[in-house]
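Visitor: Let's have the full structure, built from the sequences with the hints guiding it.
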Amino acid sequence: MSEKVTFHDFIGSVDAENQEFVIDMHDELMKRGCKTDVKLARSGYLVTYSLNKKSIANYVFRKKGLLVRIYANHIASYMGVLDTLPEDMARAVCEAPVCKRLVDPSACNPKCSMGYDFLLKGQRMQKCRNGAFMFLLSEENNPFVKTLLLREAEASAL
1 MSEKVTFHDF
11 IGSVDAENQE
21 FVIDMHDELM
31 KRGCKTDVKL
41 ARSGYLVTYS
51 LNKKSIANYV
61 FRKKGLLVRI
71 YANHIASYMG
81 VLDTLPEDMA
91 RAVCEAPVCK
101 RLVDPSACNP
111 KCSMGYDFLL
121 KGQRMQKCRN
131 GAFMFLLSEE
141 NNPFVKTLLL
151 REAEASAL
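The numbering of the sequence shown is the UniProt record's numbering, which starts it at 1 and goes up by one.
Read the hints as simulated data drawn from the structure, not as lab findings.
Wrong hints could be hidden among the right ones.
[Unchecked claim] Keeping only pairs whose Cα atoms sit at most 20 Å apart, straight-line, the calculated DMTMM-like set for lysine to aspartate or glutamate is: (1) K121 to D88; (2) K63 to D88; (3) K121 to D83; (4) K54 to E28.
[As the list claims (entries may be wrong)] The following label-pair restraints were derived from C-beta to C-beta distances: (5) R91 to A41: 24 to 30 Å; (6) R124 to E3: 46 to 52 Å; (7) G131 to Y78: 15 to 21 Å; (8) G122 to K31: 31 to 37 Å; (9) A41 to D88: 20 to 26 Å; (10) L40 to D83: 36 to 42 Å; (11) M79 to D9: 33 to 39 Å; (12) G33 to E3: 25 to 31 Å; (13) E3 to S77: 37 to 43 Å; (14) A41 to C112: 28 to 34 Å; (15) K53 to E28: 17 to 23 Å; (16) D83 to D24: 20 to 26 Å; (17) I23 to N109: 32 to 38 Å.
Positions of the beta carbon are idealized from the N, C-alpha and C atoms, including for glycine.
Guide: In structure tokens:
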């Protein structure tokens, strides 16, 4: 039987520029009652945070670096935050795939959790939940990632 993979194992593989941010977010999410699940995936570690048995975010490694995927199930309660996103983050949201199920409910797998319908800088977006809020961690992006993630955690706790 293989050893259990831990958050400590994951943090050791995070680049030095993002380690402090990732540890800070981990502490903030744990204070809010989140549970973590750390697994080893093909591209590196996968760390999932859940609250009330629902995933709210995960960290994934890709070629370009460490990304955070935020499952913004309560985006309607903090949609205004999206208008403050820097251009690169807003572009990432705009370039995310459209949610086929929102456009045509029969066009996607019936077991698929529906995506998000929201406004970004006055434009209506209907995006897939797996890519809509997936951001590269960076010095510029991290404060906005923190705001989005903590707002989702607060909304999920209600």
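Visitor: Taking the hints in turn, state whether each one holds.
Guide: A quick look at each hint next to the structure:
| no. | hint | result |
| --- | --- | --- |
| 1 | K121 to D88 | 13 Å, holds |
| 2 | K63 to D88 | 17 Å, holds |
| 3 | K121 to D83 | 5 Å, holds |
| 4 | K54 to E28 | 17 Å, holds |
| 5 | R91 to A41: 24 to 30 Å | 26 Å, holds |
| 6 | R124 to E3: 46 to 52 Å | 47 Å, holds |
| 7 | G131 to Y78: 15 to 21 Å | 19 Å, holds |
| 8 | G122 to K31: 31 to 37 Å | 35 Å, holds |
| 9 | A41 to D88: 20 to 26 Å | 25 Å, holds |
| 10 | L40 to D83: 36 to 42 Å | 37 Å, holds |
| 11 | M79 to D9: 33 to 39 Å | 36 Å, holds |
| 12 | G33 to E3: 25 to 31 Å | 27 Å, holds |
| 13 | E3 to S77: 37 to 43 Å | 40 Å, holds |
| 14 | A41 to C112: 28 to 34 Å | 20 Å, violated |
| 15 | K53 to E28: 17 to 23 Å | 20 Å, holds |
| 16 | D83 to D24: 20 to 26 Å | 25 Å, holds |
| 17 | I23 to N109: 32 to 38 Å | 36 Å, holds |
In the structure shown, a violation is registered for the earlier hint numbered 14 alone.
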